[in-house]
Amino acid sequence: MQLTHQQLEQFHQESYLAVGSLVDDSTLRQLRETFSNLQAQWAEEQGESLDDYCRVLSQWTNLWKQHPLFAAQIRHPEITSIARQLLAVPEIQLFHDHLISKPPQHSKAVPWHQDYAFWPVDKPKALSAWLALDEVTEDSGCLEFLPGAHLEGEQAPQDFLGS
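Going by the numbering used here, the sequence shown runs without a break in its numbering and finishes at 163.
Hints may contain errors.
[What the hints assert, rightly or not] 30 angstroms max Cα-Cα, derived BS3-like pairs, lysine-lysine:
hint	residue 1	residue 2
1	Lys102	Lys125
2	Lys65	Lys102
3	Lys125	Lys65
Simulated from the structure, these hints should not be mistaken for laboratory data.
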């Protein structure tokens with residue numbers, strides 16, 4: 001996917017760009033199923049019921065190392081092409097993947113924050129590519145952006161998971 005000049009300008013002015021769905025429904029179903037299977041495995045390893053294990057907001061990194069389906073998504077040709085265009089670089093390198101599970105009725109809102117504060121990378125040579133595995137609505141807790149907030153400087157990291 002070739003980004004337009006207007007899309008590149010929006011990204012640099014507002015610090016985000018929504019490009020719509022790049023992953024087909026079949027792959028999304030497979031990703032959800034694979035993640036559910038991994039959750040069942042992790043719950044068993046922790047000696048917890050799957051219901052209890054899935055009841056809290058939780059996060060995992062580097063799933064690409066645990067399953068080839070996740071590995072394929074971090075190498076998705078359109079996603080990597082867009083990342084190279086936004087960063088104006090010929091090659092990109094994965095820092096990590098990061099899956100956040102926010103179960104209904106058992107999660108709390110995550111406060112405003114900048115991902116950069118948590119990353120040991122030079123700025124502005126990094127970005128996030130966000131993929132929702134489930135339908136996301138305002139009621140279910142969608143991802144929101146503060147256009148142009150990056151122009152106000154870096155904010156201190158927050159412990160919003162209470163860890």
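Results of checking the hints against the structure:
no.	hint	verdict
1	Lys102 x Lys125	28 angstroms, holds
2	Lys65 x Lys102	22 angstroms, holds
3	Lys125 x Lys65	23 angstroms, holds
When the structure is compared with the earlier hints, no violation turns up for any of them.
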